[in-house]
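*Asks:* Chain residues, written in single-letter form:
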Amino acid sequence: TQLLEQSPQFLSIQEGENLTVYCNSSSVFSSLQWYRQEPGEGPVLLVTVVTGGEVKKLKRLTFQFGDARKDSSLHITAAQPGDTGLYLCAGFSNSGYALNFGKGTSLLVTP
Amino acid sequence: GAVVSQHPSWVICKSGTSVKIECRSLDFQATTMFWYRQFPKQSLMLMATSNEGSKATYEQGVEKDKFLINHASLTLSTLTVTSAHPEDSSFYICSATWASGRVEQYFGPGTRLTVT
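Residue numbers (the working numbering), protein chains in the order written: chain A, 1 to 111; chain B, 112 to 227.
By construction, these hints were calculated from the structure, which means they are not laboratory data.
Heads up, a few of these hints could be off.
Mimicking DSSO-like on lysine-lysine, the simulated pairs with C-alpha atoms at most 27 Å apart in a straight line are [stated by the list, open to error]:
id, chain 1, residue 1, chain 2, residue 2
1, A, K70, A, K56
2, A, K103, B, K177
3, B, K175, A, K103
Coverage of chain B stretches by chain A, computed from C-beta distances (three or more under 8 Å per stretch; other residues unrestricted) [to be verified]:
id, stretch
4, 154-168
5, 190-201
Note that the structure is a prediction, hence the values are computed from the model and not measured.
Here a beta-carbon is modelled for each residue, glycine too, at the ideal position from N, C-alpha and C.
Based on the provided sequences and hints, a complete structural model is requested.
*Replies:* What follows is the structure in structure tokens.
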């Protein structure tokens, strides 16, 4: 199983602050996905990064895929309470097309 | 966008009983569905992969006789937890894809199972 390590595990910040969440692996992935999950709901896909070095922006969220396609980061600018949730990175396994998920970063943004 | 539903949203059952969870793709045909389990404050752990019309493939450590998966049609997969125990209490999430391959998975809203 290709392991995805996420850091930090928990993050509590105030509204307006910036933050970065990391997703690292010793394995190469053909692509990585980022999801956000709210309590009691299923995860929602935010973005898929495919090309090494790729940067994608989704409003205040910036996603980057490492040059070697082993790591990715999610940067949130001027966080808002609505950004609160569990952020998960995921990649397809070598053996097929099931997704392996990282342990997630639980983000709390307080007003 | 593609929509996946789960039923029920939450269920409470007594220890020793069985409970069935349904996963439906509402606006597309799902050739493959995945079942995940998520414990509080933890990530999603893949339990099994099911392809329509064939037997499910279970991940290592998941008891196939305890977690029965049926994918009888292109829009419905079911997970039956047999002889449930309190340690089976968890959040069960399914996802579905329209093709066999590394394509986007669409996730259901999850089912909260509590075994008393």
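*Asks:* Now tell me, hint by hint, if it's right for this structure.
*Replies:* Now for the hints, and whether the structure bears them out:
Between the alpha carbons of A/K70 and A/K56 the distance comes to roughly 17 Å, so the proposed pair stays at or under 27 Å and holds. Annotation: proposed proximity of A/K103 to B/K177 holds, straight-line Cα distance about 25 Å (limit 27 Å). With a CA separation close to 24 Å, the supplied pair B/K175 and A/K103 stays within the 27 Å bound. With a threshold of 8 Å between beta carbons, the proposed coverage of the stretch 154-168 of chain B by chain A holds, since 5 of its residues qualify and at least three are required.
By the rule of at least three residues with a Cβ nearer than 8 Å to a Cβ of chain A, the coverage given for the stretch 190-201 of chain B is violated, with 0 such residues.
The structure does not agree with numbered hint 5 stated previously, though it agrees with all others.
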